[in-house]
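Residue numbers (the UniProt record's numbering), protein chains in the order written: chain P, 1 to 265; chain U, 1 to 136; chain Z, 1 to 386.
Hints should not be assumed to be uniformly reliable.
What the hints assert, rightly or not - Quick list of in silico lysine to aspartate or glutamate cross-link-like pairs, DMTMM-like style, CA-CA up to 20 Å:
{"id": "1", "chain 1": "Z", "residue 1": "K233", "chain 2": "P", "residue 2": "D231"}
{"id": "2", "chain 1": "P", "residue 1": "K71", "chain 2": "Z", "residue 2": "E320"}
{"id": "3", "chain 1": "P", "residue 1": "K59", "chain 2": "Z", "residue 2": "E227"}
{"id": "4", "chain 1": "Z", "residue 1": "K255", "chain 2": "Z", "residue 2": "E276"}
{"id": "5", "chain 1": "P", "residue 1": "K220", "chain 2": "P", "residue 2": "E207"}
{"id": "6", "chain 1": "P", "residue 1": "K220", "chain 2": "Z", "residue 2": "E175"}
{"id": "7", "chain 1": "P", "residue 1": "K132", "chain 2": "Z", "residue 2": "E175"}
{"id": "8", "chain 1": "Z", "residue 1": "K251", "chain 2": "Z", "residue 2": "E276"}
{"id": "9", "chain 1": "Z", "residue 1": "K233", "chain 2": "P", "residue 2": "E197"}
{"id": "10", "chain 1": "P", "residue 1": "K71", "chain 2": "Z", "residue 2": "D247"}
{"id": "11", "chain 1": "Z", "residue 1": "K233", "chain 2": "P", "residue 2": "D157"}
{"id": "12", "chain 1": "Z", "residue 1": "K88", "chain 2": "U", "residue 2": "D55"}
{"id": "13", "chain 1": "Z", "residue 1": "K374", "chain 2": "U", "residue 2": "D51"}
{"id": "14", "chain 1": "Z", "residue 1": "K233", "chain 2": "P", "residue 2": "E253"}
{"id": "15", "chain 1": "Z", "residue 1": "K222", "chain 2": "Z", "residue 2": "E175"}
{"id": "16", "chain 1": "Z", "residue 1": "K327", "chain 2": "P", "residue 2": "D157"}
{"id": "17", "chain 1": "P", "residue 1": "K59", "chain 2": "Z", "residue 2": "D223"}
{"id": "18", "chain 1": "Z", "residue 1": "K10", "chain 2": "Z", "residue 2": "D247"}
{"id": "19", "chain 1": "Z", "residue 1": "K222", "chain 2": "P", "residue 2": "D66"}
{"id": "20", "chain 1": "Z", "residue 1": "K258", "chain 2": "Z", "residue 2": "E276"}
{"id": "21", "chain 1": "Z", "residue 1": "K327", "chain 2": "P", "residue 2": "E174"}
{"id": "22", "chain 1": "Z", "residue 1": "K233", "chain 2": "P", "residue 2": "D66"}
{"id": "23", "chain 1": "Z", "residue 1": "K261", "chain 2": "Z", "residue 2": "D247"}
{"id": "24", "chain 1": "U", "residue 1": "K101", "chain 2": "U", "residue 2": "D25"}
{"id": "25", "chain 1": "P", "residue 1": "K11", "chain 2": "Z", "residue 2": "D328"}
{"id": "26", "chain 1": "P", "residue 1": "K172", "chain 2": "P", "residue 2": "D157"}
{"id": "27", "chain 1": "P", "residue 1": "K67", "chain 2": "Z", "residue 2": "D135"}
{"id": "28", "chain 1": "Z", "residue 1": "K367", "chain 2": "Z", "residue 2": "D223"}
{"id": "29", "chain 1": "Z", "residue 1": "K88", "chain 2": "U", "residue 2": "E117"}
{"id": "30", "chain 1": "P", "residue 1": "K67", "chain 2": "Z", "residue 2": "D223"}
{"id": "31", "chain 1": "Z", "residue 1": "K374", "chain 2": "P", "residue 2": "E253"}
{"id": "32", "chain 1": "P", "residue 1": "K59", "chain 2": "Z", "residue 2": "D60"}
{"id": "33", "chain 1": "P", "residue 1": "K59", "chain 2": "Z", "residue 2": "E320"}
{"id": "34", "chain 1": "Z", "residue 1": "K374", "chain 2": "U", "residue 2": "E116"}
Said to hold, decoys possible - Some chain Z residues near chain P, calculated using beta-carbon distances under 10 Å:
{"id": "35", "residue": "E175"}
{"id": "36", "residue": "I180"}
{"id": "37", "residue": "L185"}
{"id": "38", "residue": "V232"}
{"id": "39", "residue": "A244"}
{"id": "40", "residue": "S248"}
No lab work stands behind these hints: they were computed from the structure. The beta-carbon is built from N, C-alpha and C at its ideal position, and this holds for glycine as well.
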Amino acid sequence: MSQEIVDEVAKYLTSNIPIVPISQGAEAVVFTTTIHPYIPSSNNEKKEKFIIKYRPTKKYRHPLIDKSLTKHRTLSESRILSKLYQIDGIKVPKLIACDPYNGCIWLEFLGEDLPNGFGFSNLKNFLWMNAKDPYNDCVKDTLYKVGQQIGLLHWNDYCHGDLTSSNIVLVKDEDYGTNWIPHLIDFGLGSTSSLVEDKGVDLYVLERAIISTHSSFADKYNEWLIQGFSDVYKSKGKQGNKKLNEVLKRFAEVRLRGRKRSMIG
Amino acid sequence: MGDLITAKYSSPDIPELHFTIDVNDKRYQTTNGMTTGPSEHVLNAGQIDRDRPSDPKLLSGSSSDVEPHYTELSKLRMHLTGLQDDINIFLTEQMELAKKKKIKLHSEEEEKRIDEEINELLDGGDGDEEDEDEGK
Amino acid sequence: MVNLNTIKPKNNRNYYLALGLEGSANKLGVGILKHPILPSHESGDNSHHCQAEILSNIRDTYITPPGEGFLPRDTARHHRNWCVRLIKRALEEAGINDPRNDIDVICFTKGPGMGAPLHSVVIAARTCSLMWGVDLVGVNHCVGHIEMGREITQAINPVVLYVSGGNTQVIAYSENRYRIFGETLDIAIGNCLDRFARTLKIPNAPSPGYNIEQLANKCKNKDQLVELPYTVKGMDLSMSGILAYIDSLAKDLFKGNKKNKILFDQKTGEQKVTVEDLCYSLQENLFAMLVEITERAMAHVNASQVLIVGGVGCNVRLQEMMGQMCKDRANGQVHATDERFCIDNGVMIAQAGLLQYRMGDVVKDLKETVVTQKFRTDEVYVSWRE
């Protein structure tokens with residue numbers, strides 16, 4: 001990430017809050033810090049880490065567009081996260097603080113580093129790590145659980161808006177050491193929506209992300225994701241089955257639209 | 001001079017049809033066809049047609065006043081232009097016929113669909129798609 | 001292992017010559033391209049570095065009166081009646097007297113594009129092939145843009161933003177395919193601009209998008225913007241809603257509908273927004289969306305280079321915004337080409353086609369030369385890259 005952006009963040013946070021950059025997404029830069037925004041640091045004996053997600057000024061776009069997008073997305077992400085955190089079964093990071101005008105939120109830190117230099121434990125790196133044995137039980141179990149998370153999200157009428165394998169963080173299951181618990185992150189394009197269309201598009205975006213990033217194994221991976229997704233709906237009885245059919249039908253339509261879209265030079 | 005060009009149309013519905021040309025007929029003596037001009041629509045919008053096919057080339061020494069003699073390639077182009085007109089006129093008739101038949105048999109919706117399909121074919125489509133082209 | 005040198009050029013020459021024919025939309029392009037045989041092409045991923053020499057690159061555009069789009073049958077007629085003249089001129093400019101012996105391969109656009117114009121051009125390609133006894137290669141138009149862009153800019157493995165009248169896609173290479181990461185969910189960016197230009201009844205020459213760009217430059221009040229919907233969906237985007245909205249604003253402006261409070265001051269009745277302001281706001285909004293989805297794809301695949309191709313890619317403001325985005329990313333670089341290569345042309349078809357030819361991919365039966373309106377970028381197996 002460019003020094004200019006690091007300086008911009010450091011200036012905003014002041015020197016009292018040391019930060020370590022960890023990633024630059026498209027929209028936001030992510031840092032870790034050991035400072036909690038309002039609990040005195042003397043209480044943080046375990047040296048617990050926190051995430052600071054900062055949306056830097058995008059100089060390429062008009063200041064008016066930039067201001068309005070930054071504010072809108074920071075606020076909406078915070079709202080969605082805090083609501084999702086309260087829903088049983090849904091795994092998202094806990095929101096600690098939010099400053100919409102400066103495009104900054106503080107979150108609990110999730111995930112870890114994968115062994116052998118495979119990087120941070122998001123789904124993308126995890127799948128790449130398993131590329132030599134792509135269909136092992138752990139991969140299957142993880143993808144099924146990812147599907148369940150999306151199922152729960154949609155069942156509660158939320159849409160993610162940007163589902164990719166980088167936006168799913170895996171956290172080690174403390175009870176079963178080898179298992180992973182997927183957490184959904186990055187709700188900057190998230191929304192509440194009861195529209196079948198939005199859910200269909202959400203699933204389509206994820207399917208395409210899997211196809212383009214994990215091409216060779218995508219068929220099986222997408223199948224497991226949809227299994228997990230479907231089982232959430234099926235567990236909700238008759239109503240669930242009906243809604244599931246609607247969503248899957250629309251998903252198929254969106255996919256067809258995508259393939260058939262004319263591509264005139 | 002070689003053989004004159006011909007065309008053949010075959011379909012399960014009608015007997016095979018042969019298109020031939022008559023070199024003395026005016027329609028086979030031009031490179032500017034009746035059915036291959038610009039569409040009315042753009043002309044009405046003020047289009048100046050700069051995309052005309054070039055005129056046939058006279059053999060050197062020949063004059064267009066008396067009896068003109070054209071190069072072989074230009075003759076072929078003229079023959080082709082007339083033959084293409086014949087085919088276009090025939091195909092348009094066939095489409096009109098098909099449309100009438102279908103209207104009798106089907107609802108208005110069908111008719112619209114067939115119209116669209118015909119347009120699609122006229123625009124050189126594959127005949128199995130229904131999307132919007134850029135220019136419309 | 002990729003070896004681009006297994007197929008030898010004709011007559012023991014130490015270079016290849018390809019003729020490229022493009023006519024998938026309203027531009028007819030004919031180009032002749034030369035590749036020297038390079039030792040570096042015997043193995044490795046060097047298809048972006050062919051030292052291609054452009055011997056000719058000729059284009060003629062079918063232009064309609066202001067307010068009108070181009071209909072397939074008129075566009076096809078334009079191509080039909082200009083194709084031979086353009087091929088002759090291209091051969092002459094390249095100094096080729098004997099195409100039978102000098103040209104290794106004829107490359108044509110197989111799709112995607114408008115059916116009728118594609119048909120017109122492929123007939124010319126087949127005729128030349130039969131007449132001269134030269135091999136044919138069918139090329140995917142989008143892959144043509146990408147390969148030309150890579151060759152000109154030397155970008156090795158960029159994220160590609162492909163923006164034209166018919167396409168809006170964010171593409172990245174992986175495992176022998178150009179994979180589509182994001183794209184428009186409805187209309188293409190160029191189509192959006194063209195249609196707005198028609199509403200404004202501004203000229204279609206040299207291109208509607210160019211004229212919108214010029215109007216946007218003339219906007220006097222760049223601090224202000226007319227607020228438009230911002231519709232990014234993950235790495236995809238949609239534009240039809242924006243077009244419908246700005247179209248309605250333009251119509252209200254022309255009608256002088258004083259009730260519209262965005263356009264007219266409700267107290268004084270004074271006009272607040274001009275056509276130039278609308279063009280400026282539209283560009284700022286659409287391009288911000290394009291740059292954003294490009295940056296998303298870059299972040300996703302860890303790329304640092306961007307290549308902009310397609311007709312809308314010559315827009316200076318778009319290039320500037322993309323450059324600014326790249327500046328803020330570590331080692332970010334933006335690559336773009338000028339109108340000779342951005343706008344549809346024959347040379348790009350020759351470039352992609354010659355790479356295919358050098359990998360042994362030629363038409364074996366004329367049946368394979370049937371053109372197709374739909375031909376997705378990721379359908380092509382990219383044999384010339386690792």
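Hint by hint, work out which the structure violates, then give me just those numbers in ascending order.
-> 1, 2, 10, 13, 15, 16, 18, 21, 24, 26, 27, 28, 29, 32, 39, 40
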